[in-house]
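Please construct the entire structure, taking both the sequences and the accompanying hints into account.
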Amino acid sequence: MRKNVWRVLPGALLAMVAMLLLAGPVGAARDAAATTVTIWTDADRKAAVDKIASAWGTARGVNVVVVQKDFGRIRDDLKTVQPETAPDVIVGAHDWTGDLAASGLVLPLNPRKAIRDKFPQYTLDAFSYGTAVKKLYGAPVVVENIGLVVNTRLAKVPTSFANLQQQALAFKKKRAGNIAIAVQQGANGDAYHMYPFFSGLCGYVFGKNKVGNLDASDIGLRAPAFLRNTTLIDQWNRLGLVNAKVDDGAASNAFLSGKAAFWLTGPWNADRITKAKIPFRVVQVPAIKCKSVPFLGSQGFMATKFARTHGVESAAKDLVGDYMMRADSQLALSRANGRFPANTDAAKRVTNPVLKQFGAAGVGGVPMPNIPQMGSVWSDLGAAWVKSTRGSGAIKARTAFSTAARNIANKIG
Amino acid sequence: MSTPTAPDAPPPRRRVRAWELPARAVAVASGTVGFAIKIAFLSVVNAIAFWGAFELARQGTWAALAVLLLATAAIDVVYLTPRRLFPLKFLIPGTVFLLAFQIAPIVYNVNIAFTNWSTAHIGTKTEAIAAIQRNSLAEAPDGGQYVMRPARAEDGTVVLILFDEESEQGFVGSREGLEEAPEGSVRLDENFEIASAPAGYTLVRPDELLALDRQLADYIIPVDGISAIRAEGFDTALELQPTLRYDRGSDTFTRIEDGTVFRDNELGSYVASRGEELEPGWKTGVGLRNFSAVLNDPLVRDPFVRVFIWTFAFATLTVLFSFALGLFLAIVLDKPGMRFQRLYRSLLVIPYAIPGFLSVLVWAGLLNDDFGVVNNAFGLSVPWLFDPDWAKVSIIIVSTWLTFPYFFLVSMGALQSIPGELIEAAKVDGGGRTQIFRRVTLPLLLVAVAPLLIASFAFNFNNFGNIYFLTGGGPPAEDQSVAGATDILITYTYKIAFESGKGQDYGLASAVSIFIFFIVAAISAVAFWRSKSLENLA
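Residue numbers (numbering that gives the first Met the number 0), protein chains in the order written: chain A, 0 to 412; chain B, 0 to 537.
If you are wondering where the hints come from, they were derived from the structure by calculation, not from laboratory data.
All C-beta atoms, glycine included, are put in the ideal place defined by N, C-alpha and C.
Among the hints, erroneous ones may be present.
As the list claims (entries may be wrong) - Derived lysine-lysine pairs resembling DSS-like cross-links, with alpha carbons at most 30 Å apart:
{"#": "1", "chain 1": "A", "residue 1": "Lys133", "chain 2": "B", "residue 2": "Lys124"}
{"#": "2", "chain 1": "A", "residue 1": "Lys395", "chain 2": "B", "residue 2": "Lys391"}
{"#": "3", "chain 1": "A", "residue 1": "Lys117", "chain 2": "A", "residue 2": "Lys173"}
{"#": "4", "chain 1": "A", "residue 1": "Lys78", "chain 2": "B", "residue 2": "Lys334"}
{"#": "5", "chain 1": "B", "residue 1": "Lys494", "chain 2": "A", "residue 2": "Lys207"}
{"#": "6", "chain 1": "A", "residue 1": "Lys68", "chain 2": "A", "residue 2": "Lys78"}
{"#": "7", "chain 1": "A", "residue 1": "Lys173", "chain 2": "A", "residue 2": "Lys276"}
{"#": "8", "chain 1": "A", "residue 1": "Lys347", "chain 2": "A", "residue 2": "Lys274"}
{"#": "9", "chain 1": "A", "residue 1": "Lys133", "chain 2": "A", "residue 2": "Lys209"}
{"#": "10", "chain 1": "A", "residue 1": "Lys133", "chain 2": "A", "residue 2": "Lys112"}
{"#": "11", "chain 1": "A", "residue 1": "Lys395", "chain 2": "B", "residue 2": "Lys124"}
{"#": "12", "chain 1": "A", "residue 1": "Lys258", "chain 2": "A", "residue 2": "Lys288"}
{"#": "13", "chain 1": "A", "residue 1": "Lys347", "chain 2": "A", "residue 2": "Lys276"}
{"#": "14", "chain 1": "A", "residue 1": "Lys258", "chain 2": "A", "residue 2": "Lys117"}
{"#": "15", "chain 1": "A", "residue 1": "Lys78", "chain 2": "B", "residue 2": "Lys494"}
{"#": "16", "chain 1": "B", "residue 1": "Lys391", "chain 2": "A", "residue 2": "Lys68"}
{"#": "17", "chain 1": "A", "residue 1": "Lys173", "chain 2": "A", "residue 2": "Lys288"}
Claimed, not checked - Anything over 10 Å on all C-beta distances counts as not near chain A; from chain B, calculated:
{"#": "18", "residue": "Val77"}
{"#": "19", "residue": "Pro104"}
{"#": "20", "residue": "Ala194"}
{"#": "21", "residue": "Ala230"}
{"#": "22", "residue": "Arg254"}
{"#": "23", "residue": "Gly286"}
{"#": "24", "residue": "Ile435"}
{"#": "25", "residue": "Leu441"}
Following this line, the structure appears as structure tokens:
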């Protein structure tokens with residue numbers, strides 16, 4: 000028995016040492032946490048966020064930790080993250096606002112009027128949410144939208160929608176394999192890229208309630224004015240002006256290889272067009288029955304509820320609601336990933352002609368609805384377009400869109 | 000022994016047999032080296048447990064803490080006591096991993112199924128109350144907006160120095176209220192930040208701000224009535240007023256404007272009598288609600304039969320075709336003396352070696368109706384992905400392509416394990432080729448392969464990736480329901496839980512996945528029971 004004790008003793012001692020070694024850094028990390036602000040960002044923005052946030056950190060004496068995450072995961076991981084490792088500030092898309100604010104995960108911001116006045120109202124609206132009181136939950140940094148990219152060697156910048164249609168169809172007839180207007184859909188549709196046509200036919204997704212928040216019970220897919228115009232969709236399908244079978248890959252291949260003169264796409268493809276040495280101009284789709292505006296997307300920063308529990312609430316709000324809304328920060332971030340800045344002073348200083356053209360193509364655009372119910376809309380609105388523009392097997396657009404409206408209403412409940 | 004150069008050469012090494020390995024491992028582990036390794040491992044286990052205990056104690060989850068401590072103590076005792084608890088030393092690691100990676104997730108999943116965990120029901124009730132209160136603060140009408148900087152009074156208490164840019168008036172705000180500062184005592188610098196404080200106050204240095212963070216976040220300067228000036232960040236303050244009032248006694252929120260009362264509805268939300276709901280709510284138990292939603296919600300219920308039949312057909316046909324193709328190729332390539340046999344075999348395994356989702360994405364491009372290689376190369380115009388029926392065909396083709404190499408490999412091995420004498424005997428008895436295959440080879444093969452067929456079926460029943468990446472459940476089905484034509488139960492669950500309604504619904508998703516578990520378990524149980532009859536052959 001005595002021998003056993005001697006065998007156990009060194010083991011127990013070693014275990015103790017190991018425990019202390021492991022517990023040491025854990026304790027130390029916790030002490031440091033009070034002066035650390037953790038930011039979750041995506042790969043595209045990592046370098047710029049690193050630079051700008053650390054400049055802020057140096058000025059404020061804050062230790063800034065920038066963690067890179069897959070953009071799409073930032074929103075969902077925020078719901079399941081452990082408080083210890085949770086971020087104080089995140090990079091986010093404006094259409095997450097409703098979901099995150101309704102879940103109580105992000106803090107409302109109250110920037111001074113002097114700061115707010117530097118932003119177009121729609122960018123602030125994009126990050127605002129609330130059924131009773133509408134509050135701002137994020138700082139808009141960049142805005143993006145799609146535009147009609149015209150290959151100026153193959154076509155002229157269209158003067159009207161009729162002109163666009165005539166040019167596109169003439170181009171399509173020239174050679175087999177040509178596409179009239181390259182706009183991506185695919186088997187499950189793409190409501191985002193089809194939105195300029197949708198708004199051009201006077202469609203909208205959700206109406207607004209009296210405090211200016213989106214009203215999920217007012218579904219614009221079944222608005223009478225829009226449904227009357229859907230006969231045009233049937234006509235486009237017959238003529239082959241838009242074709243649901245054109246997906247992401249087919250659309251870009253066609254335009255980049257000269258088999259399409261018109262492409263509806265965003266600034267994320269600007270580099271590819273330039274590399275293919277295609278002379279181009281970006282414009283808004285000409286008005287059809289109403290103005291054909293695109294969806295506007297905005298990305299920015301939000302302060303999370305964890306900033307409060309970590310004791311860095313004021314610091315996070317200072318970074319998000321003040322520092323990141325300044326023109327200099329915005330310009331640097333907009334350059335880093337090739338998007339248009341939200342701050343109007345920064346916007347005036349944009350020199351990149353392509354960004355300016357995309358900016359002009361977005362004038363009057365509609366921010367993608369940021370209420371959680373939007374999840375119900377994407378698939379059904381996309382499906383309605385597919386069903387009505389898939390060529391010979393297409394059904395009447397009126398039926399397709401009415402069905403989609405009914406489905407959406409059912410899902411929202 | 001006779002050679003002089005090696006007078007005491009060891010006896011030739013005996014080959015270690017497989018069943019001796021555990022005993023050998025134990026022998027190695029009983030020496031001093033083994034003891035050191037053991038102590039090192041135990042130290043790590045103890046250190047992790049200690050860290051875990053620390054975290055659990057901090058969170059106040061005492062039951063889990065007790066389990067953790069008891070388990071760690073038990074592990075230490077078992078491994079430090081020589082001999083007596085010998086069998087446990089082998090059982091414990093397996094049990095620990097089984098608990099950690101199988102049982103715990105299942106328990107967790109079942110637990111979630113009984114909660115309302117979803118968008119707007121993420122945190123605790125206390126967090127929800129705090130969030131509702133802070134989200135209900137509205138800018139006071141004509142309320143002031145100030146440039147702000149914290150300062151300390153002579154007694155060390157923190158006050159806020161405020162400057163109104165419009166009236167160019169300075170203020171000192173404390174927890175008692177707002178006081179005008181003497182004219183000219185509060186000035187801004189060129190960065191529009193406060194540069195001076197009235198006499199008797201010292202501005203807080205920038206590097207001290209962070210230490211005041213918690214105080215600043217909750218700093219309230221009462222103004223008349225319900226409004227208050229609050230700090231926003233480090234250099235702004237503004238007047239806000241609540242639009243909702245919380246009453247702790249009755250646990251209700253009251254809207255100040257019209258007196259509407261919001262009560263706890265026992266389902267994780269404050270709701271007014273007219274159905275209006277405050278956001279956020281909180282995560283709480285809701286009993287069998289998620290399960291009854293699966294059975295009663297028309298969104299889930301209506302297309303269920305159609306989706307279930309397709310899921311079953313998809314899994315069955317995929318397994319059937321890939322097994323048939325794999326077996327056929329295994330038999331064809333089994334011919335002795337074939338040239339390039341190894342090359343053929345390696346080539347056939349390629350679809351298996353490439354990550355599945357990549358192949359699926361490539362197939363999606365190949366099968367594009369108007370622009371895909373398949374239609375263009377063969378001059379076809381098959382609506383591979385746009386027609387509900389053809390999309391099903393595409394799915395099965397692609398799944399078969401991805402799965403057949405597996406059955407090719409398995410069949411190749413199994414064929415070689417069938418004793419040649421049996422085939423010879425069958426030939427002597429005058430059996431023809433097909434007869435031998437049907438009566439001898441196939442039954443013997445199935446003894447070995449049947450469990451794998453069942454496993455493959457269960458896997459494909461939940462094969463999310465293939466469907467999601469090839470068709471995304473599309474094209475839209477002709478019955479106009481939410482489920483697409485090629486949605487299987489698991490992708491449909493995903494659509495209901497994450498892409499519809501009001502954001503994400505983890506509770507509902509867990510409930511549906513429990514239903515799916517029972518379906519798969521039932522089918523597998525029946526299949527295993529049936530395949531028992533095959534074993535009687537062997």
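Evaluation of the provided hints:
With a C-alpha separation of about 22 Å, the suggested pair Lys133 of chain A and Lys124 of chain B falls inside the 30 Å cut-off, and the hint holds. Between Lys395 of chain A and Lys391 of chain B the alpha-carbon distance is near 24 Å, which keeps this suggested pair within the 30 Å criterion. Taking the CA atoms of Lys117 of chain A and Lys173 of chain A, the gap is near 49 Å; set against the 30 Å cutoff, the hint is violated. Of the supplied pair hints, the one linking Lys78 of chain A and Lys334 of chain B is violated, its CA atoms being roughly 58 Å apart against a limit of 30 Å.
Under the criterion of a C-alpha separation no larger than 30 Å, the hint pairing Lys494 of chain B with Lys207 of chain A is consistent with the structure, at around 26 Å. With a C-alpha separation of about 14 Å, the suggested pair Lys68 of chain A and Lys78 of chain A falls inside the 30 Å cut-off, and the hint holds. About 22 Å separates the Cα atoms of Lys173 of chain A and Lys276 of chain A, which keeps this hinted pair within 30 Å; it holds. For the hint linking Lys347 of chain A to Lys274 of chain A, the alpha-carbon distance of about 27 Å falls within 30 Å, and the restraint holds.
Our distance criterion of 30 Å between C-alpha atoms is met by Lys133 of chain A and Lys209 of chain A, whose separation comes to about 11 Å. For the proposed pair Lys133 of chain A and Lys112 of chain A, the alpha carbon gap of about 16 Å is at most 30 Å, so the pair holds. A hinted pair counts as satisfied when its Cα atoms are at most 30 Å apart, and Lys395 of chain A with Lys124 of chain B does not qualify at roughly 49 Å. For the suggested pair Lys258 of chain A and Lys288 of chain A, the alpha carbons sit about 28 Å apart, so the restraint of at most 30 Å is met.
This hinted pair checks out: Lys347 of chain A and Lys276 of chain A have alpha carbons roughly 28 Å apart, not beyond 30 Å. With a CA separation close to 42 Å, the supplied pair Lys258 of chain A and Lys117 of chain A exceeds the 30 Å bound. Proposed proximity of Lys78 of chain A and Lys494 of chain B is supported: the alpha carbons are some 19 Å apart, at most 30 Å. As the CA atoms of Lys391 of chain B and Lys68 of chain A are separated by approximately 35 Å, the hinted pair breaks the 30 Å bound.
Among the hinted pairs, Lys173 of chain A with Lys288 of chain A is consistent with the structure: their alpha-carbon atoms are about 28 Å apart, no more than 30 Å. The non-interface label for Val77 of chain B is consistent with chain A: the shortest C-beta to C-beta separation is roughly 13 Å, beyond 10 Å. Here Pro104 of chain B stays apart from chain A, with its beta-carbon at least about 14 Å from theirs, past the 10 Å limit. No beta-carbon of chain A comes within 10 Å of the beta-carbon of Ala194 of chain B; the shortest separation is about 16 Å.
For Ala230 of chain B, the condition that its CB be more than 10 Å from all CB atoms of chain A is violated, with the nearest at approximately 7 Å. Distance check for Arg254 of chain B against chain A: the nearest CB is about 7 Å away, which does not clear 10 Å, and the non-interface claim fails. With a closest Cβ-Cβ approach of about 20 Å to chain A, Gly286 of chain B is found to remain outside the 10 Å limit, as its non-interface label requires. Every beta carbon of chain A lies more than 10 Å from that of Ile435 of chain B, the smallest distance being close to 46 Å; the non-interface claim holds.
Distance check for Leu441 of chain B against chain A: the nearest CB is about 39 Å away, which clears 10 Å, and the non-interface claim stands.
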